[in-house]
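Model the full structure from these sequences, guided by the hints.
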Amino acid sequence: MDSEIVFLEPRPAVLARRREIVADLASFLPEDALITDERGLKPFETDAFVSYRRMPLAVALPETTEQVAEVLRYCSANGIPVVPRGAGTSLCGGAIPQEDAVVIGLSKMVRVLDVDLVNRTATVQAGVTNLCISEAVSGEGFFYAPDPSSQLACTIGGNIGMNSGGAHCLKYGVTTNNLLGVKMVLFDGTIIDVGGKALDPAGYDLLGIICGSEGQLGIVTEATVRLIAKAEGARPVLFGFSSSEAAGACVADVIGAGIIPVAMEFMDRQAIEICEAFAQAGYPLDVEALLIVEVEGSATEMSAILAAIVDIARRHDVKVVRECQSARQAALIWKGRKSAFGATGRVADYICMDGTVPLSELSNVLRRTGEIVASYGLRVANVFHAGDGNMHPLILFNANDPVEAAKAEAAGNDILKLCVDVGGCLTGEHGVGIEKRDLMRHQYGESDLEQMMAVRAAFDPDWILNPSKVFPLDGRGVA
Amino acid sequence: MKTFAPRTEEEASAVIAAHAARREPLVICGNGTRSGYGNPVAAEARLQSSELAGIVAYTPHEMVMTARAGTPVALVEEVLAAKNQMLAFEPADHRALMGTIGEPTIGGVFAANVSGPRRIVAGAARDSLLGARFVNGKGQIVRAGGRVMKNVTGLDVTKLVAGSHGTLGLLTEVTFRVLPRPVTETTVLICGLEGPAATSAMAEAMALSVEVSGAAHLPLGRAGGGCNGEANPVATTALRLEGTASSVEERAVKLLRAMSAFGPAERLDPDRSVTLWRTVRDISPFCDGSTRALWRVSVAPNSGHRLVAALRETVNVDAFYDWQGGLIWLRTEGDPHADVLRGHLKAFGGHATLLRASAEARRAVPSFEPSSDGVSMLSRKIKESFDPAGILNPGKMG
Chain L
1099 MDSEIVFLEP RPAVLARRRE IVADLASFLP EDALITDERG LKPFETDAFV SYRRMPLAVA
1159 LPETTEQVAE VLRYCSANGI PVVPRGAGTS LCGGAIPQED AVVIGLSKMV RVLDVDLVNR
1219 TATVQAGVTN LCISEAVSGE GFFYAPDPSS QLACTIGGNI GMNSGGAHCL KYGVTTNNLL
1279 GVKMVLFDGT IIDVGGKALD PAGYDLLGII CGSEGQLGIV TEATVRLIAK AEGARPVLFG
1339 FSSSEAAGAC VADVIGAGII PVAMEFMDRQ AIEICEAFAQ AGYPLDVEAL LIVEVEGSAT
1399 EMSAILAAIV DIARRHDVKV VRECQSARQA ALIWKGRKSA FGATGRVADY ICMDGTVPLS
1459 ELSNVLRRTG EIVASYGLRV ANVFHAGDGN MHPLILFNAN DPVEAAKAEA AGNDILKLCV
1519 DVGGCLTGEH GVGIEKRDLM RHQYGESDLE QMMAVRAAFD PDWILNPSKV FPLDGRGVA
Chain C
9 MKTFAPRTEE EASAVIAAHA ARREPLVICG NGTRSGYGNP VAAEARLQSS ELAGIVAYTP
69 HEMVMTARAG TPVALVEEVL AAKNQMLAFE PADHRALMGT IGEPTIGGVF AANVSGPRRI
129 VAGAARDSLL GARFVNGKGQ IVRAGGRVMK NVTGLDVTKL VAGSHGTLGL LTEVTFRVLP
189 RPVTETTVLI CGLEGPAATS AMAEAMALSV EVSGAAHLPL GRAGGGCNGE ANPVATTALR
249 LEGTASSVEE RAVKLLRAMS AFGPAERLDP DRSVTLWRTV RDISPFCDGS TRALWRVSVA
309 PNSGHRLVAA LRETVNVDAF YDWQGGLIWL RTEGDPHADV LRGHLKAFGG HATLLRASAE
369 ARRAVPSFEP SSDGVSMLSR KIKESFDPAG ILNPGKMG
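These protein sequence lines map, in sequence, to chains L and C.
Numbered per this note's numbering, the first sequence spans residues 1099 to 1577.
Numbered per this note's numbering, the second sequence spans residues 9 to 406.
Here are the simulated lysine-lysine pairs, PhoX-like style, with alpha carbons at most 25 Å apart: (1) 91/C <-> 1269/L; (2) 1433/L <-> 1417/L; (3) 1206/L <-> 1140/L; (4) 1269/L <-> 1328/L; (5) 1328/L <-> 1433/L; (6) 1505/L <-> 1515/L; (7) 262/C <-> 1269/L; (8) 1328/L <-> 262/C; (9) 1269/L <-> 1433/L.
By construction, these hints were calculated from the structure, which means they are not laboratory data.
Next up, the structure:
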């Protein structure tokens, strides 16, 4: 496919030495930890941002931190780019390789190393899936809070790379708020430990800068995360509105009234229809916008909070209030929401935006998003985390039509610029990757980017790690 | 000492650029009320953000405030209270402890990442910080983060600047998330527990579905007392609940029932609860007007009392515990006994920060825990990436 987004030119010296590099890697990696044949490499050529793909030079699947360190030591000494990969669920191309790169995949590092319920921590290898952590401690009444929709597949290593969020972050925060420590391998193979079971690490907040660094600062191989005691009960309630504006205004008023539900998810008519057809969750089909509001606590607490939210919703002319009647129905309501992206994929190709806006701009941005997409002759479905202003317009298009694909990308860029212009940001939880790399200057000034890149260079002076991502290719100050 | 108190970011930038060109170090501060943090800085001039003051924007229904760095914390809290909101992380006032004067600034709170008892559920100051503007060591005005709740656009430089104690830049403006102020609160007290039992009780409370928002242990004697220096007549383990009246009531009943298995338990009315947590927050038991060595020690929650027990085999210490036992406020007799404490920490994990000591001890003991080779190499490179001339609070963080 004709690409708008440019990757770094492969280093000819690396490509020319491919055979030698493969032999060198094979000399210190176990046989089944190295993939070099074309058929084996194929699954690694892209991630969930499928419009772009590049075959990597080789894929290493190390089993230990020491093996990760060996690969990095070798690659940095030989000027070979490295692309880290968790489960490959990135929506912004964060794990897409390049022709001269060795992919380091975490799929063999899947052990839960320690569960410490007294200190409420879990220490896991970076390839452990997000959901696996919660499942490991659920029986004891605990959970790990960030819950990206891809939680069944995505890894904690990838979550740390992207500082992933999810539907329940309104109350419990995103990855960076729930991470206590990491073991990380630096570009040159140095292994460092940052943090641990204490609530705050010493010195500079390295965890803070590592989290969300998109594999540019090093490769995390182990993580210690916080566990939280589960609430006594949790209940999602559906609120149907006659307009998106009314739903958006209701969200702002709920927060303004001092109520912080665990989750407040928004769907517009298009998204409701798509998700209901897939999940039969009982979403009302005769409304223009739907809010899934989840409250938690004891039965009396939930009733009290819900009553207050219903009062506010009535002021915004709510058409439908539907409390779920059983645990099964609650699960269906969340299934519908969490499979929104997959369900949308059944009806059309789509690209998913991730801009975040101030709550007071929600209604305005929803309306203008519709206008922008319509002006390109395309359709949009909106399904997103309304409580924190993190929007996910899904722009529907036909990927077999290059003109339409280009229009979808252009509409997406317009929407992201709009998010920035109203005081928001390009990405709330998916990351910059390659997708939004060339929009970075719309959000940041030169000195802002220069400072970020200087920090990056402190970790990886030669830009070995995931080099095609995050920062515009020009103005990096390196070859 | 020559003092610069610029009124604009541009003035601050000019001061730093001029000093960078001459490689002349600057003390960087807000109003200096938390000067106990960090090693003494050798500099002949001070640059403070105290005159960069004022609330820039506050949208209660978005739970976000932007304030210039020199804005008094008291003003921020007053404006938030008027809209029934608050700083989630409950920052301490360090003046009584450190013997400093002046108005604590909101910039200083974030520069020192000051987080109080509620940190165990609501996160640290750095978790509330959404964005910042600062002047780096080259005199560049840099903007990091933004004003929305979720933002992963590029590297999270905001986090790095939080808790960097003015060594990476002079904060000029901060944007932070705030929370609704709870309608009421209560505290469940369990009396007479020793360290191990108190640790178990706090862990059990945190594992219940009652949302404990403060878990502290004040032992028998001097370390348990209030600011007036009175000794605590009985060891108390304190667990705070906040929320609406009916919710607090329901959870308190549940918590009391569970905690009575550990010892006699009682409830504090809201006023006494507020006073108790203010005491814990401001480290009041050790606000003794002295320069006796005081450590802030951060460990895994169940290691706190064990570390103190190990120390007591050779050193005379007073201690009380916040954060479910994981934050120890530790006062030693005479010498800070840094080698003993940091030696034990190698086994227990965690770190210790010296916040107060005699001038002589402060020159001899690094305030912050020395880090491993890999981490200190990275920290040095990060410092250079913000402040290549090394003029911002040089040596303060080691």
